[in-house]
Amino acid sequence: MVVEKVRSILDRVRGRSEGDRYPPRRRPTASVPKFKIKLKSIKVKCLLVTVAVVLFCAVAMYVSFGSVASSTMEDYSRSAMLAAISPVAENLVTPILQEDQQKIKTTFLSLVNATKAKYAFILDEDADPFYIAEQDSIPASLLAANKPDKKSAGISQKSLLVDGELVWDYAVPIAKGKLGWIRIGIPASAITETVKSLALLAVVVGGLCLAFGIVITSVVAGRFSRKVLMLAGAVENLSAGESKEPIPISGDDEIGLLAEALERLRLSIQVLKRHPGGL
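Here this note's numbering is used: the first residue of the sequence shown is 4, the next is one more, and so on.
No lab work stands behind these hints: they were computed from the structure. Where hints are given, some of them may not hold.
[Claimed, not checked] Distance condition first, Cα-Cα at most 25 Å in a straight line; then the derived PhoX-like pairs of lysine-lysine:
| hint | residue 1 | residue 2 |
| --- | --- | --- |
| 1 | Lys119 | Lys108 |
| 2 | Lys108 | Lys230 |
| 3 | Lys119 | Lys106 |
| 4 | Lys181 | Lys108 |
Using the sequences provided together with the hints, build the complete structure.
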């Protein structure tokens, strides 16, 4: 007892209290390392991801629509010519077999009007002229162009370009047991106009699809970037000890799960601040 009193007196003289000599034992509290997140870098990365996705969609649409447009143009030209020639060929069967020249001429005029053809005539099995409405108007190169294939009965086929004309052949009977071909020469400009209109249509549709893709990508990327920025802000506030509001992010994806974990950490830190001695 005496020793303790002496020590107490000496401590008072030296200016120290008992609490200074024997500080209370405190339980260590959890600490969060402070760090700074560069929000600008996250915005730039999100923008770069958006631009990359949009460019990828644009290239993919250009390639796909280019191939589809080219095949569609070819199919359209073939189907359009087939649809124009088929009814005329059927109407020509009877006049040809009956050798009705006037009826053949009238039918050929309707064929020219329907197909916008500059030349129309009939070849026999040996590719010799069988019927020509105006013999002087048919170029010799068009008469001799590409002998028709005998196996192509009933099939419209496009031949090579001859003197600015696209040559089409369509099989038709010219006599009992004999097969001939309706040969039509159509100016390439007529097909070019059709191709241009289809190309313009493909460009318009492709542009609309690209715009739709940009909008969808922007919306998705915008939501993602907002979540990332909110999460980054929450982590920054949490590291600075200023996080008082709940983290407004939810979802079953990775960002939502990370936000949920940060929210639990935020609540734990608040409890530790209120009760430094322990949870």
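So if I understand the rule, the pair passes when the alpha-carbon distance is 25 Å or less; does Lys108 with Lys230 pass? Judged against 25 Å, a Cα distance of about 76 Å means the pair is violated.
Lys181 paired with Lys108 [C-alpha distance capped at 25 Å]: holds, 21 Å
Given the hint that Lys119 pairs with Lys108, does the C-alpha gap stay at or below 25 Å? holds, 16 Å
For the pair supplied as a hint, Lys119 and Lys106, is the alpha-carbon distance within the 25 Å limit? With Cα atoms ~20 Å apart, Lys119 and Lys106 stay inside 25 Å; holds.
The structure does not agree with numbered hint 2 stated previously, though it agrees with all others.
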